[in-house]
Amino acid sequence: MSTADLFLWFFGGLLPLSAMAYFLARGKALTSEKNNIRMHSRPGFYGWYTVIWVALPALATSLIFSIGHLFHLFSVPATMLLATAFTLGGAGLWFGLGHIKADFRARPAVEKVMRGVLLSAAIISILTTLGIVLSVIFESIRFFQVVPVWDFITGTQWQPDTAFLVGAGRADEGVGPLMFGSLPIFAGTFMITLIAMLVAIPIGLFAAIYMSEYASHASRGRLKPLLEILAGIPTVVYGFFAAITISPIIVEIAHAFGLEADYTNALAPGLIMGIMIIPFISSLSDDVIRAVPQSMRDGSLALGTTKAETIRHIVLPAAFPGIVAACLLAVSRAIGETMIVVMAAGLRPNLTANPLEGMTTVTVKIVEALTGDQEFDSAFTLSAFALGLVLLIITLMLNIVSTIVVRKFRQRYE
Amino acid sequence: MNKSAEADIAIHTNNDAKMDTTTMANDLNNNEAGNTTASFMNEHKSPRQRKRERANARFHFYGFAAIALALAFLVFFFVDIIGKALPAFDETEVLATIHYSEAASKNYNKAIDKKMRGVVSRAWLRNLPAYMKAHPELMGSSVELWMLADSRVDQYIKQHDGHGLKSKHKHTVDAMLKDGKIRTVFNTTLFTNGDSKLPEYAGILAASVGTVFTLLITMLVAVPIGVMTAIYLEEFADDNRFTRLVEVNINNLAAIPSILYGLLGLAIFISFFGVPRSSALAGGLTLALMTLPVIIITTRAALRAVPESIREAAYGLGASNLQTAWHHVLPLAMPGILTGSIIGLAQAMGETAPLIIVGMMAYIPEAPTTILDATTVLPAQIYTWSTESMRGYGERTAAGILVLLAVLLSLNALAVKLRNRAQQSW
Numbered sequence: 001m002s003t004a005d006l007f008l009w010f011f012g013g014l015l016p017l018s019a020m021a022y023f024l025a026r027g028k029a030l031t032s033e034k035n036n037i038r039m040h041s042r043p044g045f046y047g048w049y050t051v052i053w054v055a056l057p058a059l060a061t062s063l064i065f066s067i068g069h070l071f072h073l074f075s076v077p078a079t080m081l082l083a084t085a086f087t088l089g090g091a092g093l094w095f096g097l098g099h100i101k102a103d104f105r106a107r108p109a110v111e112k113v114m115r116g117v118l119l120s121a122a123i124i125s126i127l128t129t130l131g132i133v134l135s136v137i138f139e140s141i142r143f144f145q146v147v148p149v150w151d152f153i154t155g156t157q158w159q160p161d162t163a164f165l166v167g168a169g170r171a172d173e174g175v176g177p178l179m180f181g182s183l184p185i186f187a188g189t190f191m192i193t194l195i196a197m198l199v200a201i202p203i204g205l206f207a208a209i210y211m212s213e214y215a216s217h218a219s220r221g222r223l224k225p226l227l228e229i230l231a232g233i234p235t236v237v238y239g240f241f242a243a244i245t246i247s248p249i250i251v252e253i254a255h256a257f258g259l260e261a262d263y264t265n266a267l268a269p270g271l272i273m274g275i276m277i278i279p280f281i282s283s284l285s286d287d288v289i290r291a292v293p294q295s296m297r298d299g300s301l302a303l304g305t306t307k308a309e310t311i312r313h314i315v316l317p318a319a320f321p322g323i324v325a326a327c328l329l330a331v332s333r334a335i336g337e338t339m340i341v342v343m344a345a346g347l348r349p350n351l352t353a354n355p356l357e358g359m360t361t362v363t364v365k366i367v368e369a370l371t372g373d374q375e376f377d378s379a380f381t382l383s384a385f386a387l388g389l390v391l392l393i394i395t396l397m398l399n400i401v402s403t404i405v406v407r408k409f410r411q412r413y414e
Numbered sequence: 415m416n417k418s419a420e421a422d423i424a425i426h427t428n429n430d431a432k433m434d435t436t437t438m439a440n441d442l443n444n445n446e447a448g449n450t451t452a453s454f455m456n457e458h459k460s461p462r463q464r465k466r467e468r469a470n471a472r473f474h475f476y477g478f479a480a481i482a483l484a485l486a487f488l489v490f491f492f493v494d495i496i497g498k499a500l501p502a503f504d505e506t507e508v509l510a511t512i513h514y515s516e517a518a519s520k521n522y523n524k525a526i527d528k529k530m531r532g533v534v535s536r537a538w539l540r541n542l543p544a545y546m547k548a549h550p551e552l553m554g555s556s557v558e559l560w561m562l563a564d565s566r567v568d569q570y571i572k573q574h575d576g577h578g579l580k581s582k583h584k585h586t587v588d589a590m591l592k593d594g595k596i597r598t599v600f601n602t603t604l605f606t607n608g609d610s611k612l613p614e615y616a617g618i619l620a621a622s623v624g625t626v627f628t629l630l631i632t633m634l635v636a637v638p639i640g641v642m643t644a645i646y647l648e649e650f651a652d653d654n655r656f657t658r659l660v661e662v663n664i665n666n667l668a669a670i671p672s673i674l675y676g677l678l679g680l681a682i683f684i685s686f687f688g689v690p691r692s693s694a695l696a697g698g699l700t701l702a703l704m705t706l707p708v709i710i711i712t713t714r715a716a717l718r719a720v721p722e723s724i725r726e727a728a729y730g731l732g733a734s735n736l737q738t739a740w741h742h743v744l745p746l747a748m749p750g751i752l753t754g755s756i757i758g759l760a761q762a763m764g765e766t767a768p769l770i771i772v773g774m775m776a777y778i779p780e781a782p783t784t785i786l787d788a789t790t791v792l793p794a795q796i797y798t799w800s801t802e803s804m805r806g807y808g809e810r811t812a813a814g815i816l817v818l819l820a821v822l823l824s825l826n827a828l829a830v831k832l833r834n835r836a837q838q839s840w
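Note that the protein sequences, when read in sequence, are chains E and L. Those letters in the first sequence? Residues 1 to 414, by my numbering. Those letters in the second sequence? Residues 415 to 840, by my numbering.
If you're looking for bench data, these hints aren't it; they were derived computationally from the structure. Please note: incorrect hints may appear among the correct ones.
[As the list claims (entries may be wrong)] Calculated Cβ distances over 10 Å to all of chain L for the following chain E residues:
1. Leu6
2. Phe11
3. Gly12
4. Leu17
5. Thr128
6. Ile141
7. Glu228
8. Gly232
9. Ala254
10. Ser332
11. Pro355
12. Leu356
13. Gly358
14. Ile400
[Unchecked claim] Here are the simulated distance ranges between beta carbons:
15. Ser685/L to Ser75/E: 14 to 22 Å
16. Ser120/E to Val489/L: 46 to 54 Å
17. His72/E to Glu780/L: 31 to 39 Å
18. Ala302/E to Leu488/L: 38 to 46 Å
19. Leu488/L to Lys112/E: 48 to 56 Å
20. Ala353/E to Pro461/L: 42 to 50 Å
21. Lys584/L to Arg222/E: 46 to 54 Å
22. Arg718/L to Gly44/E: 25 to 33 Å
23. His72/E to Val489/L: 53 to 61 Å
24. Ile496/L to Ser75/E: 52 to 60 Å
25. Phe487/L to Pro16/E: 52 to 60 Å
26. Leu194/E to Ala471/L: 29 to 37 Å
27. Ile496/L to Ala291/E: 38 to 46 Å
Positions of the beta carbon are idealized from the N, C-alpha and C atoms, including for glycine.
Let the hints inform the model, and build the full structure from the sequences given.
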């Protein structure tokens, strides 16, 4: 029996059983009410109480069986799993129905279980974080058993695979040892992030100032959703646009100035990424600028300053921590952005300061390592997880710092 | 406002503003010394004051220019994408004679005249043997009918550079054009086919069905878990260490790059739990974890917007926590929750990176029938087409983008509309 069939049988059996339990128990409670026996709880709660007795033991045992199977501890045949689950369900139905008496407090019992269910939903988000951290760390440890950590951090040569040289009959040209120096990759990430920030911070900040200080309420209501369209466009679309439209334009312009530009230059993905990030900076900064108390503006204007002077010398310094936090979040987004750079930036790690040359980023290398046809255990594939670990650490740190800064800012004005 | 904060800001601004305030004071003094009534008239402004006013106007202009620049980009972007996509909604057909012969049922190329090979789409001809098997009465007849043209002919008719049509075919096509044996019709192939190795036969159907399957799983997993988490945090949780941990954790999850969710999906769902690679199930679960923080955060905001008096009224009538949440708070928060779910759905729909990592960029010519089949989604299809070198794929990529954008923008518009309607003042 396949897993899909097992699921079908399991829920196909359990759901009708639960529905039956609900209506039987509720019916029993209703009949007692009709016979003028006052029940402690509403009849529906007796129904749910019985459902819990039917479903919970069955679900719990099958969960234990599945865990045993996954960790190769013990294996139970599918038919036995189904038989156990349904027997427990039937027993639960009998047991639950037996409990329905006038003085039985069904509501607190049901609420206790529901609280547990809600709590386990909340725990899933913690499990997700754990899952990300553990999956990245375990594979990274395997990677660092092959490649020394220090070489990975400080090496300037990224040469994970020279097999293709052998395949091309150029074996003598440079089949050296595998090298995993990630410095050029991080340099590329840094360069593209820098370009993106040079675009996004001025435009986003001025847009926020305009919307919060100058625009009327009505035009602000129209401008904000329009700007937010920029954040709603999928990154794969931006990637296509950067690669097909912007890159050739940049190459043309560079030619006009007598410069040499690659089609995989860092400028195109950087510019487009910056435009994508504008709404992040503008709406976060807009919020903090509007949180600055009006009395401060009034005080400054009353001293005879112009509006621009008030904004520059009073409002912006007051909102500064919030703006910094917005920029940090934007940086973390730019570093983790994938599709734009996969489609528009290069594949070749390149340690250079010239944005017109092709360079590559962490996310490009992760995608490259995991979409190739290398076996899962090769150092090349595992390198994706090591890069992912660094990416995770950087974005988490940026996020934590920005959260602390925002909290300080809030405390100031609340 | 807090006193120390004021002092802090004063220190902040002091250095920058010192110069300006002293000169400002001078300006005021000069004015007072001169004609007081005229000092507020325009013609008696000091140069310093004019400079400041110019700076003021300049600053206003910068703000306006930033917005204008962003919106200009938006216009340029849409014009460019629509311009690239529009040709893809037309396809070229050629009128040619087809021979249903014994030879054609074995080798589909023999069904048409030799000079038409390379003009008629090979992908279209490939279906002939199966069609002839289903209609044995056609055997031996010859029919003239409109057939799908090869992509190179299509590109040539649309006068695109780099169409790649060979010169011998070019003569045939020019002659046919003169005889009216070539026509352009609305491109239905784009919407009724899956992926193909030949651009004229490639469509978005398989990817669209895959998108629906994947998003269905995403929503079925993410919305209940997200809403339950939000209810727990807002209505049930005590303010203790665990609750704060969950809150910090959710904020961090929202900031984690989507590609790391792909690594999670690969390591946990595929390698550990054995979910089939490239399946809608693997992709849907991965996206569900990614959407979860969005849904939790928006649902919490919606629950918080329900005034405390509603809860107190319910408690006063003897309702329990659960009854209050279920019968009163949740229905009132519903529009907000719906808005959040739609925004999460739109975000998941446009996501590509984690799905590529879990293998959803495979070549999928047929629409999937179960959630365990190998599947691709619309953004991944756009990505694979954009890496194809043949000219015909370029416009199909843009067309796919246009379809995706249309769906996403209408979802977002729906969310904004719902939000506006839900903004109830209590």
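Each hint tested on the structure:
| no. | hint | in the structure |
| --- | --- | --- |
| 1 | Leu6 | 13 Å, holds |
| 2 | Phe11 | 13 Å, holds |
| 3 | Gly12 | 16 Å, holds |
| 4 | Leu17 | 21 Å, holds |
| 5 | Thr128 | 5 Å, violated |
| 6 | Ile141 | 13 Å, holds |
| 7 | Glu228 | 8 Å, violated |
| 8 | Gly232 | 5 Å, violated |
| 9 | Ala254 | 20 Å, holds |
| 10 | Ser332 | 6 Å, violated |
| 11 | Pro355 | 19 Å, holds |
| 12 | Leu356 | 21 Å, holds |
| 13 | Gly358 | 16 Å, holds |
| 14 | Ile400 | 8 Å, violated |
| 15 | Ser685/L to Ser75/E: 14 to 22 Å | 20 Å, holds |
| 16 | Ser120/E to Val489/L: 46 to 54 Å | 49 Å, holds |
| 17 | His72/E to Glu780/L: 31 to 39 Å | 36 Å, holds |
| 18 | Ala302/E to Leu488/L: 38 to 46 Å | 39 Å, holds |
| 19 | Leu488/L to Lys112/E: 48 to 56 Å | 53 Å, holds |
| 20 | Ala353/E to Pro461/L: 42 to 50 Å | 43 Å, holds |
| 21 | Lys584/L to Arg222/E: 46 to 54 Å | 51 Å, holds |
| 22 | Arg718/L to Gly44/E: 25 to 33 Å | 28 Å, holds |
| 23 | His72/E to Val489/L: 53 to 61 Å | 59 Å, holds |
| 24 | Ile496/L to Ser75/E: 52 to 60 Å | 57 Å, holds |
| 25 | Phe487/L to Pro16/E: 52 to 60 Å | 56 Å, holds |
| 26 | Leu194/E to Ala471/L: 29 to 37 Å | 31 Å, holds |
| 27 | Ile496/L to Ala291/E: 38 to 46 Å | 39 Å, holds |
Violated hints, in rising order: 5, 7, 8, 10 and 14; the structure is consistent with all others.
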